[in-house]
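Participant: Sequence:
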Amino acid sequence: MTISIKQALLEGQAFITHSDTQALDAELILLHTLNAHRNILFTDPDKHLTQAQVTDYRSNLQRREAGEPVAYILGEQGFWDLTLNVAPHTLIPRADTESLIDWVLEQDIQPKRILDLGTGTGAIALALAKEFPNAHVLGVDLIPQAVELANSNKVKNQLSNVEFLQSSWFEHVPNERFDLIVSNPPYIDELDEHLSKGDVRFEPASALIAHNHGLADLQHIANESKPFLNEGGCLLMEHGWQQAQEVRDYLQECGYKNSGSGKDLAGQWRFSYGFA
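Taking the numbering used here, the leading residue of the sequence shown gets 1, the next gets one more, and so forth.
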(Lines of atoms letter the chains of each structure in order from A and count residues from 1; the text may use other names and numbers.)
(Lines give C-alpha, C1' and ligand atoms only; values in the text may rest on other atoms or scores of the structure.)
Protein backbone atom coordinates (compact mmCIF):
# COMPACT_ATOMS: atom_id res chain seq x y z
CA MET A 1 0.00 0.00 0.00
CA THR A 2 1.38 3.40 -0.94
CA ILE A 3 1.07 6.62 1.02
CA SER A 4 0.75 10.29 0.14
CA ILE A 5 3.48 12.89 0.52
CA LYS A 6 1.64 14.36 3.51
CA GLN A 7 1.29 10.95 5.16
CA ALA A 8 4.93 10.11 4.48
CA LEU A 9 6.09 13.33 6.11
CA LEU A 10 4.01 12.67 9.23
CA GLU A 11 5.24 9.09 9.37
CA GLY A 12 8.85 10.22 9.17
CA GLN A 13 8.44 12.84 11.88
CA ALA A 14 6.95 10.23 14.19
CA PHE A 15 9.53 7.56 13.33
CA ILE A 16 12.63 9.66 14.00
CA THR A 17 12.92 10.03 17.78
CA HIS A 18 16.68 10.35 18.38
CA SER A 19 17.11 13.74 16.71
CA ASP A 20 16.47 17.33 17.75
CA THR A 21 15.50 18.13 14.16
CA GLN A 22 13.21 15.23 13.30
CA ALA A 23 10.78 17.33 11.24
CA LEU A 24 13.57 18.74 9.08
CA ASP A 25 15.28 15.36 8.83
CA ALA A 26 12.09 13.68 7.60
CA GLU A 27 11.48 16.47 5.10
CA LEU A 28 14.99 16.30 3.64
CA ILE A 29 14.90 12.52 3.39
CA LEU A 30 11.48 12.59 1.74
CA LEU A 31 12.50 15.22 -0.81
CA HIS A 32 15.63 13.19 -1.56
CA THR A 33 13.47 10.10 -2.11
CA LEU A 34 11.16 12.01 -4.43
CA ASN A 35 14.02 13.89 -6.12
CA ALA A 36 11.79 16.94 -5.81
CA HIS A 37 11.86 20.56 -4.67
CA ARG A 38 10.35 21.58 -1.34
CA ASN A 39 7.44 23.25 -3.15
CA ILE A 40 5.86 19.84 -3.72
CA LEU A 41 5.07 19.58 -0.01
CA PHE A 42 2.60 22.44 -0.44
CA THR A 43 1.51 22.17 -4.07
CA ASP A 44 0.86 18.42 -4.24
CA PRO A 45 0.69 16.95 -0.70
CA ASP A 46 -1.82 14.27 -1.72
CA LYS A 47 0.38 12.82 -4.46
CA HIS A 48 1.21 9.19 -3.71
CA LEU A 49 4.67 7.72 -3.57
CA THR A 50 5.43 4.64 -5.63
CA GLN A 51 6.00 1.44 -3.70
CA ALA A 52 9.70 1.65 -4.51
CA GLN A 53 9.81 5.18 -3.10
CA VAL A 54 8.04 4.08 0.08
CA THR A 55 10.57 1.28 0.56
CA ASP A 56 13.52 3.62 -0.06
CA TYR A 57 12.09 6.31 2.21
CA ARG A 58 11.51 3.93 5.12
CA SER A 59 14.96 2.43 4.72
CA ASN A 60 16.52 5.89 4.97
CA LEU A 61 14.35 6.75 7.97
CA GLN A 62 15.76 3.68 9.71
CA ARG A 63 19.29 4.83 8.92
CA ARG A 64 18.56 8.23 10.45
CA GLU A 65 16.92 6.73 13.53
CA ALA A 66 20.08 4.66 14.01
CA GLY A 67 22.00 7.94 14.17
CA GLU A 68 23.51 8.14 10.71
CA PRO A 69 23.92 11.79 9.66
CA VAL A 70 21.39 13.12 7.17
CA ALA A 71 24.25 14.35 4.97
CA TYR A 72 25.53 10.79 4.50
CA ILE A 73 22.01 9.56 3.72
CA LEU A 74 21.49 12.30 1.13
CA GLY A 75 25.04 12.17 -0.17
CA GLU A 76 25.41 15.94 -0.08
CA GLN A 77 25.67 18.93 2.24
CA GLY A 78 25.46 22.68 1.81
CA PHE A 79 28.50 24.80 2.71
CA TRP A 80 28.86 28.53 2.11
CA ASP A 81 26.81 28.91 -1.09
CA LEU A 82 28.00 25.58 -2.48
CA THR A 83 26.41 22.13 -2.60
CA LEU A 84 28.99 19.46 -1.87
CA ASN A 85 29.03 15.71 -2.35
CA VAL A 86 29.85 13.96 0.92
CA ALA A 87 30.83 10.40 1.81
CA PRO A 88 31.63 8.47 5.01
CA HIS A 89 35.40 8.75 4.45
CA THR A 90 35.28 12.54 4.90
CA LEU A 91 34.12 14.90 7.61
CA ILE A 92 30.74 16.53 6.99
CA PRO A 93 31.23 20.28 6.36
CA ARG A 94 29.76 22.37 9.18
CA ALA A 95 28.43 25.89 9.41
CA ASP A 96 30.99 26.63 12.17
CA THR A 97 33.76 26.35 9.58
CA GLU A 98 32.18 29.09 7.48
CA SER A 99 33.43 31.52 10.15
CA LEU A 100 36.94 31.04 8.73
CA ILE A 101 35.76 32.16 5.30
CA ASP A 102 33.99 35.15 6.87
CA TRP A 103 37.18 36.16 8.66
CA VAL A 104 39.31 35.99 5.51
CA LEU A 105 36.81 38.16 3.64
CA GLU A 106 36.87 40.73 6.44
CA GLN A 107 40.64 41.16 6.10
CA ASP A 108 42.15 43.65 3.70
CA ILE A 109 43.88 40.94 1.68
CA GLN A 110 43.69 39.56 -1.84
CA PRO A 111 45.56 36.25 -1.63
CA LYS A 112 46.96 35.01 -4.91
CA ARG A 113 47.98 31.56 -3.70
CA ILE A 114 46.01 29.63 -1.07
CA LEU A 115 46.71 26.22 0.48
CA ASP A 116 44.05 24.16 2.28
CA LEU A 117 45.52 21.36 4.40
CA GLY A 118 43.31 18.32 5.06
CA THR A 119 40.76 19.47 2.52
CA GLY A 120 38.28 16.57 2.88
CA THR A 121 35.29 17.42 0.69
CA GLY A 122 37.16 20.50 -0.52
CA ALA A 123 34.74 22.79 1.34
CA ILE A 124 37.18 25.49 2.46
CA ALA A 125 39.26 25.39 -0.71
CA LEU A 126 36.21 25.64 -2.95
CA ALA A 127 34.60 28.44 -0.95
CA LEU A 128 37.83 30.47 -1.10
CA ALA A 129 38.26 29.69 -4.80
CA LYS A 130 34.80 31.08 -5.43
CA GLU A 131 35.36 34.21 -3.33
CA PHE A 132 38.82 34.87 -4.81
CA PRO A 133 38.45 34.01 -8.52
CA ASN A 134 41.89 35.45 -9.33
CA ALA A 135 43.61 33.25 -6.77
CA HIS A 136 45.00 29.76 -7.30
CA VAL A 137 43.89 27.37 -4.56
CA LEU A 138 45.51 24.03 -3.72
CA GLY A 139 43.77 21.54 -1.44
CA VAL A 140 45.57 18.46 -0.10
CA ASP A 141 44.41 15.39 1.78
CA LEU A 142 46.01 12.14 2.86
CA ILE A 143 43.02 10.02 1.80
CA PRO A 144 42.82 9.29 -1.97
CA GLN A 145 39.02 8.98 -1.83
CA ALA A 146 38.84 12.45 -0.28
CA VAL A 147 40.88 13.91 -3.13
CA GLU A 148 38.57 12.20 -5.62
CA LEU A 149 35.52 13.56 -3.78
CA ALA A 150 36.96 17.09 -3.66
CA ASN A 151 37.58 16.93 -7.40
CA SER A 152 33.97 15.88 -7.96
CA ASN A 153 32.90 18.93 -5.97
CA LYS A 154 35.14 21.14 -8.08
CA VAL A 155 33.29 19.92 -11.17
CA LYS A 156 29.89 20.07 -9.45
CA ASN A 157 30.42 23.73 -8.55
CA GLN A 158 32.17 24.67 -11.81
CA LEU A 159 35.32 26.12 -10.27
CA SER A 160 38.50 26.07 -12.33
CA ASN A 161 40.98 27.95 -10.10
CA VAL A 162 41.42 25.11 -7.61
CA GLU A 163 43.22 21.77 -7.72
CA PHE A 164 43.48 18.86 -5.31
CA LEU A 165 46.47 16.68 -4.48
CA GLN A 166 47.07 13.63 -2.29
CA SER A 167 49.54 14.57 0.41
CA SER A 168 50.20 14.00 4.09
CA TRP A 169 50.14 17.66 5.10
CA PHE A 170 53.11 19.28 3.28
CA GLU A 171 54.72 16.05 2.03
CA HIS A 172 53.84 16.52 -1.65
CA VAL A 173 53.08 20.23 -1.64
CA PRO A 174 55.14 22.03 -4.32
CA ASN A 175 58.11 23.96 -2.98
CA GLU A 176 56.51 27.37 -3.34
CA ARG A 177 55.02 30.00 -1.09
CA PHE A 178 51.43 30.91 -0.30
CA ASP A 179 49.68 34.05 0.90
CA LEU A 180 47.21 32.05 2.98
CA ILE A 181 47.41 28.58 4.50
CA VAL A 182 44.17 27.38 6.04
CA SER A 183 43.24 24.13 7.74
CA ASN A 184 40.47 22.39 9.63
CA PRO A 185 42.59 19.53 10.99
CA PRO A 186 41.64 16.83 13.51
CA TYR A 187 41.55 18.51 16.93
CA ILE A 188 39.44 16.35 19.24
CA ASP A 189 41.02 14.55 22.20
CA GLU A 190 40.72 10.78 21.76
CA LEU A 191 39.13 10.56 25.23
CA ASP A 192 36.45 13.16 24.50
CA GLU A 193 33.07 11.75 25.53
CA HIS A 194 31.33 13.45 22.59
CA LEU A 195 32.96 10.98 20.19
CA SER A 196 30.45 8.35 21.30
CA LYS A 197 27.43 10.58 20.75
CA GLY A 198 25.46 11.95 17.81
CA ASP A 199 26.55 12.23 14.20
CA VAL A 200 30.29 12.05 14.89
CA ARG A 201 29.96 8.32 15.65
CA PHE A 202 29.61 7.82 11.89
CA GLU A 203 32.39 10.18 10.79
CA PRO A 204 35.98 8.97 10.23
CA ALA A 205 38.06 9.08 13.40
CA SER A 206 41.10 10.10 11.35
CA ALA A 207 39.34 13.39 10.52
CA LEU A 208 38.38 14.05 14.14
CA ILE A 209 40.99 12.80 16.60
CA ALA A 210 44.50 14.08 17.28
CA HIS A 211 47.06 13.11 19.90
CA ASN A 212 48.32 15.40 22.65
CA HIS A 213 44.81 16.33 23.82
CA GLY A 214 43.77 17.17 20.27
CA LEU A 215 46.67 19.56 19.64
CA ALA A 216 49.17 17.39 17.74
CA ASP A 217 48.08 18.20 14.18
CA LEU A 218 47.52 21.89 14.96
CA GLN A 219 51.06 22.10 16.33
CA HIS A 220 52.52 20.17 13.39
CA ILE A 221 50.89 22.56 10.92
CA ALA A 222 52.11 25.59 12.88
CA ASN A 223 55.64 24.15 12.93
CA GLU A 224 55.77 23.36 9.23
CA SER A 225 53.88 26.25 7.63
CA LYS A 226 56.30 29.18 7.87
CA PRO A 227 58.65 28.08 5.04
CA PHE A 228 55.59 27.86 2.78
CA LEU A 229 54.28 31.34 3.60
CA ASN A 230 55.17 34.57 1.86
CA GLU A 231 56.29 37.39 4.13
CA GLY A 232 53.14 38.70 5.76
CA GLY A 233 51.26 35.55 4.76
CA CYS A 234 48.66 34.14 7.12
CA LEU A 235 48.16 30.75 8.77
CA LEU A 236 44.53 30.19 9.77
CA MET A 237 43.40 27.06 11.65
CA GLU A 238 40.10 25.83 13.03
CA HIS A 239 40.16 24.28 16.51
CA GLY A 240 37.96 23.38 19.46
CA TRP A 241 36.34 26.11 21.53
CA GLN A 242 38.60 25.42 24.53
CA GLN A 243 41.86 25.36 22.54
CA ALA A 244 42.16 28.99 21.44
CA GLN A 245 44.64 30.11 24.11
CA GLU A 246 46.91 27.10 23.64
CA VAL A 247 46.91 27.41 19.85
CA ARG A 248 47.52 31.15 19.99
CA ASP A 249 50.39 30.69 22.45
CA TYR A 250 51.92 28.02 20.24
CA LEU A 251 51.72 30.27 17.19
CA GLN A 252 53.63 32.92 19.13
CA GLU A 253 56.24 30.35 20.19
CA CYS A 254 56.70 29.45 16.51
CA GLY A 255 57.38 33.09 15.68
CA TYR A 256 54.08 34.09 14.08
CA LYS A 257 53.15 37.75 14.45
CA ASN A 258 49.87 39.41 15.39
CA SER A 259 48.29 36.12 16.41
CA GLY A 260 44.65 36.14 17.42
CA SER A 261 41.48 34.08 17.61
CA GLY A 262 37.95 34.39 16.27
CA LYS A 263 34.49 33.12 17.17
CA ASP A 264 31.85 31.22 15.23
CA LEU A 265 28.19 32.24 14.95
CA ALA A 266 27.45 30.55 18.27
CA GLY A 267 29.97 32.81 19.99
CA GLN A 268 32.49 30.00 20.58
CA TRP A 269 36.20 30.41 19.93
CA ARG A 270 36.57 28.53 16.65
CA PHE A 271 39.84 29.50 14.94
CA SER A 272 43.21 31.12 15.48
CA TYR A 273 45.64 32.81 13.12
CA GLY A 274 49.11 34.26 12.87
CA PHE A 275 51.21 36.04 10.24
CA ALA A 276 54.67 35.17 8.93
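Be a bit skeptical, because a hint or two may be false.
Within a straight-line C-alpha distance of at most 25 Å, the following computed SDA-like cross-link-like pairs (lysine to any residue) qualify [to be verified]:
1) 226 / 169
2) 156 / 226
3) 112 / 87
4) 112 / 75
5) 47 / 131
6) 112 / 163
Computed spacing ranges between beta-carbons, pair by pair [as the list claims (entries may be wrong)]:
7) 267 / 155: 32 to 38 Å
8) 38 / 268: 27 to 33 Å
9) 133 / 10: 16 to 22 Å
10) 230 / 23: 25 to 31 Å
11) 158 / 55: 20 to 26 Å
Simulated from the structure, these hints should not be mistaken for laboratory data. For each residue, glycine too, the CB sits at the ideal point set by N, CA and C.
Participant: Does each hint fit the structure? Answer for all of them.
Facilitator: Outcome of the hint check:
1. Simply put, residue 226 and residue 169 have alpha-carbon atoms about 13 Å apart, close enough for the 25 Å limit, and the pair holds.
2. As the CA atoms of residue 156 and residue 226 are separated by approximately 33 Å, the hinted pair breaks the 25 Å bound.
3. For the given pair, residue 112 sits about 30 Å from residue 87 by alpha-carbon distance, which is inconsistent with the 25 Å threshold.
4. Note on residue 112 and residue 75: the hinted pairing is violated, with a Cα-Cα distance of about 32 Å set against a maximum of 25 Å.
5. Annotation: proposed proximity of residue 47 to residue 131 is violated, straight-line Cα distance about 41 Å (limit 25 Å).
6. For the proposed pair residue 112 and residue 163, the alpha carbon gap of about 14 Å is at most 25 Å, so the pair holds.
7. Our hint of 32 to 38 Å for residue 267 and residue 155 holds, since their Cβ atoms are close to 36 Å apart.
8. The hint said 27 to 33 Å for the Cβ distance between residue 38 and residue 268, and at roughly 30 Å that hint holds.
9. In this structure, residue 133 and residue 10 break the distance hint of 16 to 22 Å, their C-beta atoms being roughly 45 Å apart.
10. Between residue 230 and residue 23 the beta carbons are some 49 Å apart, a value that contradicts the proposed interval 25 to 31 Å.
11. Between residue 158 and residue 55 the beta carbon distance is about 35 Å. The supplied range of 20 to 26 Å is therefore violated.
Hint check: violations occur at hints 2, 3, 4, 5, 9, 10 and 11; the rest are consistent with the structure.
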